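Enquirer: Starting from two chains that each stand alone, build the complex the way the hints lay out.
Chains as they are written, first to last, in the working numbering: chain A, 1 to 370; chain B, 1 to 232.
To be clear, the hints were calculated from the coordinates, so they are not data collected in a lab.
All values derive from a computational prediction rather than experimental measurement.
Any given hint might turn out to be false.
[What the hints assert, rightly or not] Computed spacing ranges between beta-carbons, pair by pair:
hint : chain 1 : residue 1 : chain 2 : residue 2 : range
1    : B       : V19       : A       : I254      : 46 to 52 Å
2    : B       : D176      : A       : R358      : 32 to 38 Å
3    : B       : T13       : A       : G312      : 56 to 62 Å
4    : B       : K16       : A       : N361      : 34 to 40 Å
5    : B       : V19       : A       : L261      : 38 to 44 Å
6    : B       : G135      : A       : G349      : 39 to 45 Å
7    : A       : L261      : B       : H86       : 55 to 61 Å
8    : B       : R117      : A       : T14       : 28 to 34 Å
9    : B       : R210      : A       : G349      : 52 to 58 Å
10   : B       : K131      : A       : L261      : 45 to 51 Å
11   : B       : E182      : A       : G349      : 44 to 50 Å
[To be verified] Just a sample of chain A residues kept apart from chain B, beta carbon distances all over 10 Å, derived:
hint : residue
12   : N8
13   : N64
14   : E79
15   : F208
16   : D209
17   : I247
18   : L281
19   : A365
[As the list claims (entries may be wrong)] Keeping only pairs whose Cα atoms sit at most 27 Å apart, straight-line, the calculated DSS-like set for lysine-lysine is:
hint : chain 1 : residue 1 : chain 2 : residue 2
20   : B       : K178      : A       : K369
21   : B       : K131      : B       : K119
22   : B       : K119      : A       : K369
23   : A       : K369      : B       : K59
24   : A       : K369      : B       : K16
25   : B       : K75       : B       : K116
26   : A       : K145      : A       : K124
27   : A       : K237      : A       : K49
28   : B       : K30       : B       : K75
29   : A       : K49       : A       : K145
30   : B       : K59       : B       : K131
31   : A       : K87       : A       : K124
32   : B       : K116      : A       : K3
33   : A       : K49       : A       : K124
34   : A       : K3        : B       : K119
35   : A       : K3        : B       : K131
36   : A       : K323      : B       : K116
For every residue, glycine included, the Cβ atom is placed at its ideal position computed from N, Cα and C.
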Amino acid sequence: MLKLAWRNLTNEPTRMAISVTGIALALVLILVIAGIFAGSEEFAVAYIKNEPAPIWLMQSGVSNMHMSSSYIAPELITEAEQIVGVKDITGVLYSGGNLESGEDSILGYIIGVDPQAEIGGPWKLVEGRQNPERDEIVIDAELAKRLGVELGDNLSLYDQDHEIIGLSRGNFGIGSSLAFVNKQTLSEWMAVQPDAASFALVRPEVGFDVDGLAARMQSELPDLNVMQQAEFAASDKELIRQMGVDIIRAMNIIAYIVGLLVIGLTIYTATLERAREYGMLKALGANNARLAIVVLGQALISAALGILLGVGVAYGVATLITKVSPDMLILIDPAYVLNQVPIMAVVTGLAALLPASRIANLDPAIAFKA
Amino acid sequence: MSAIFEMESVSKTYGKGHVAVNAVDHASMKIEPGEIVLIMGPSGSGKTTLLSMAGLLLKPTEGRLLIDGEAINGKSESQIADLRLHTLGFIFQAYNLLSALNARENVEIVMNMAGKRGKAASQRATDILDKLGLGNRKHHLPADLSGGEKQRVAIARALANDPQLVLADEPTGNLDSKTGEEVMELFCHGMGREQGRSMIIVTHNPEFERIADRVLWLEDGHLSNGNGRRQH
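Extracted from the complex, chain B is given alone in its bound form (with noise of 0.2 Å):
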């Protein structure tokens, strides 16, 4: 089986001469299908850089990305945004929901922007949202929602379009130990881990190692793969 993400060598340095720093330096990793993909490490590591660039937001100032074996080097702006909507899932710390939009609307505006529209997408939105035990919040706005049912949309959101990977930004970080919890559930079973789905989840919450196959460490931009196991 091949691998749905790979990172080969991967390097992102900000800015230049004696001013440089290496956020990230040469890390590499390779996740199969349904592979969950666990990267810890201390605040200021590279974390969110690594993130960014695997969910193809970051260009590497070297190295080489693949989605699904296809190099992502070369492709144009347009062609990489088109990759995000119908291959990644997003799942972001602050839950980034559209202020404006109600539940069910923003798990319906990224199948909208893939090109499903009408009560196909509507209702797809709900089936996730009602899977999700949001089915009697789904006209709320995000204002009239908790944190933990807030990530639940967001969840509902990256599963939306069926993506092959989704990548989450430490997804309890905003979250009481009991709702955490729950959204972890949510990760263990009901994000499509059986039909294939991979997940690369950033977080500093322990607690993930158990639903964890593989946990990597990052530290000062190296990415470290001991055994599976972090190694400090």
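Bound-form chain A, shown alone (with noise of 0.2 Å):
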């Protein structure tokens, strides 16, 4: 019967084109959209997970370096030092802030960084220096481009100029564009201490266990809040999932209904167009179950070519845009390609029962009307 299923479907080229055509468009929609969204998660944390910095210092409550504020006040950065098993910590401000280059506006993450410290800045330089002082400024290369600007031009941040000192790159996405300035500036526009941080970097002393002074840090430290580098980026990532789960769900549910329309209507015709086949060959002792294994064939078959087609494509279209643009990061998680077999599988099997039903009602004495 899967044979007959196979037959049917290559017999008619064009219905079989339409129809793994329709499955892949639909399989491309759904991973695409959900590799811009992981691919803008996966900026989002860009900085916490490039600092090497492996605990991290913030505000008791706070969890989140996105759509969170965070205050810490520097005696409490002072009393985290002498700990046992700091090596040190690097205190950095976090504001937004609209970058302007004449009419052209980003609005960006902004990172107070002192020009002296180790870590806390940009970690991938490409052009220039990467310790802003007061003025100067360190951007992403694809922001320059965007913005129309380069090294030694000036950029607009709060009303005030800066020279653009260095160019990094990973540094700007899809909603995330992160820009480093001088931490004394910054603390002066957010009326903070200029020792004060939103937060610190921890790095431990060489061959001290990270879990432990973690641990051990937070007992100490009750008014801040103390995450590993994992479990922070891991808190971040989950925000920015869930600020874009629902455009997802939404997304999918139309690709899916698109699958099932463009499967369901294809072999619904090309049963209909068969209907006397199908009516034969329960004249000669099909079982309803039979032929409904030949119409889920023809819709598993369609479904499995459109999943493949799918897949390659959404991998080619993520490859390319990633190519034009690079600030548009497309990640398609094979585990993501994974959990859509099954599913598409349900469309595929919900698409096939309208179709089924119309063959289990045929009269199979339909096959001796001339």
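Expert: Now the structure itself:
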């Protein structure tokens, strides 16, 4: 019966192509949208993941960098520095701000870094230097391209010109553009003490157990929240995911419906056209279950080919888009792709229900009608 | 020897009340093993309805059908489908081949449905097609076969599961006279009459009378059996 399903499909290549393409497009839509969100999540936590600080300190009650405000008083940083096992602590300030160049403007996340600090600044400098003094700024090379500026040009931030002294990589993505300025300057704009911080990056002494040190810091600094790097990145990622989850879900539902309709309609019309043949098979002794296998087989073969094509196209689209527009990282997670397979199988099964029920109601006596 | 097929006072009525139409009215017949019975009659006389009931495709409104002495009444749809698959062979006027499968696969599929698979089924399909003179056409799709060739494939398919009874509806109705002669020859020799296979053939073609053991006449739903010859 599966051979008949396959032959029914291949005997009508145009209809098969429509069915397979429909599934593929639905899957491309699902994978690319999910990939865009996964890519933006990755960009959003790039700072946390790339700074060489296994432990992060923040205000008690805060567990995210995005969508939160954190303040650590200077004395708490000094207190933290005294804990055995801590090699050094780098405080950074964190705020939002508009990066403007002429008519162009991009909302960014501004990190205030001490020019003397070893960490906390851009982690991948491609041009210039990385420790901004007063009225200096380091931005991503892609952002510079987007704003039409280059090294030595000025950008306006908080109505004040900043000379671009460095261009970095990996800190400009959808909804997540990081720029690095002088910490002293940012503290004035934020109206906080220069030694205060939004977040503090902790490096332990060599050989110290990070888990143990983080636990000890948490017990000795009850006014702060102590998080390990991976935990902090995961928490921020989850926040970003939650922000996009409804959109992804809505787009996925649309894509599943598109897939359902495409498979359902193509298989249904093919079934109607072959109603006499199915009726004849019933007359010869095929039961409804056997005939349902033919219809389901056609739908599943279409879906399998559509999935293969869709996954290939989605990876191709992701590679192409990321190449053309490096700020748009599209991350297609193989596990997510695998998750789609059973869902698409269920969608396909649903699509086959209508034509299968049409066959179940066929009168086998149709075979004797001329 | 017991009858392979019996129809006991079978009627089929379409519609109800004053719009009711008796397509077949208390028809009875008994087919012995190896017997070829012709059913003839004018258009609209109920031949297709009668054949559909004989083929277990249509439930009679009244009466009883028996296959090999066993009553059909009370059997489930699935049991009836199984009986059709294993006991009956069908030949249709319009051939009704599966357009996506080639000649051999069209024959093979009914064997697959009956649980015979693999090389054995494939070899049997090839053997039957060879016997019917289609050895060099077995890989052709129905669209590439002539009317006579299609009907021979349909005959091969009807014989594939070695049925006890073959039901044929106007088997030469769509064929020219020469091809019709060839197909009729197959009904006479090559369809296993000598092995006890019975046939019910519905036809307008009087040429079939020479190969039939009996001719039944159906008119206005009434089946007559006047000394084995038609009454009109």
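Enquirer: Hint by hint, say whether it matches the structure.
Expert: Okay, the hints, checked on the actual structure:
no.: 1; hint: B:V19 to A:I254: 46 to 52 Å; in the structure: 50 Å, holds
no.: 2; hint: B:D176 to A:R358: 32 to 38 Å; in the structure: 36 Å, holds
no.: 3; hint: B:T13 to A:G312: 56 to 62 Å; in the structure: 60 Å, holds
no.: 4; hint: B:K16 to A:N361: 34 to 40 Å; in the structure: 21 Å, violated
no.: 5; hint: B:V19 to A:L261: 38 to 44 Å; in the structure: 41 Å, holds
no.: 6; hint: B:G135 to A:G349: 39 to 45 Å; in the structure: 41 Å, holds
no.: 7; hint: A:L261 to B:H86: 55 to 61 Å; in the structure: 40 Å, violated
no.: 8; hint: B:R117 to A:T14: 28 to 34 Å; in the structure: 32 Å, holds
no.: 9; hint: B:R210 to A:G349: 52 to 58 Å; in the structure: 55 Å, holds
no.: 10; hint: B:K131 to A:L261: 45 to 51 Å; in the structure: 48 Å, holds
no.: 11; hint: B:E182 to A:G349: 44 to 50 Å; in the structure: 47 Å, holds
no.: 12; hint: N8; in the structure: 5 Å, violated
no.: 13; hint: N64; in the structure: 58 Å, holds
no.: 14; hint: E79; in the structure: 79 Å, holds
no.: 15; hint: F208; in the structure: 69 Å, holds
no.: 16; hint: D209; in the structure: 65 Å, holds
no.: 17; hint: I247; in the structure: 43 Å, holds
no.: 18; hint: L281; in the structure: 8 Å, violated
no.: 19; hint: A365; in the structure: 4 Å, violated
no.: 20; hint: B:K178 to A:K369; in the structure: 25 Å, holds
no.: 21; hint: B:K131 to B:K119; in the structure: 18 Å, holds
no.: 22; hint: B:K119 to A:K369; in the structure: 34 Å, violated
no.: 23; hint: A:K369 to B:K59; in the structure: 16 Å, holds
no.: 24; hint: A:K369 to B:K16; in the structure: 23 Å, holds
no.: 25; hint: B:K75 to B:K116; in the structure: 24 Å, holds
no.: 26; hint: A:K145 to A:K124; in the structure: 17 Å, holds
no.: 27; hint: A:K237 to A:K49; in the structure: 11 Å, holds
no.: 28; hint: B:K30 to B:K75; in the structure: 20 Å, holds
no.: 29; hint: A:K49 to A:K145; in the structure: 25 Å, holds
no.: 30; hint: B:K59 to B:K131; in the structure: 35 Å, violated
no.: 31; hint: A:K87 to A:K124; in the structure: 23 Å, holds
no.: 32; hint: B:K116 to A:K3; in the structure: 15 Å, holds
no.: 33; hint: A:K49 to A:K124; in the structure: 13 Å, holds
no.: 34; hint: A:K3 to B:K119; in the structure: 15 Å, holds
no.: 35; hint: A:K3 to B:K131; in the structure: 25 Å, holds
no.: 36; hint: A:K323 to B:K116; in the structure: 56 Å, violated
Violated hints, in rising order: 4, 7, 12, 18, 19, 22, 30, 36; the structure is consistent with all others.
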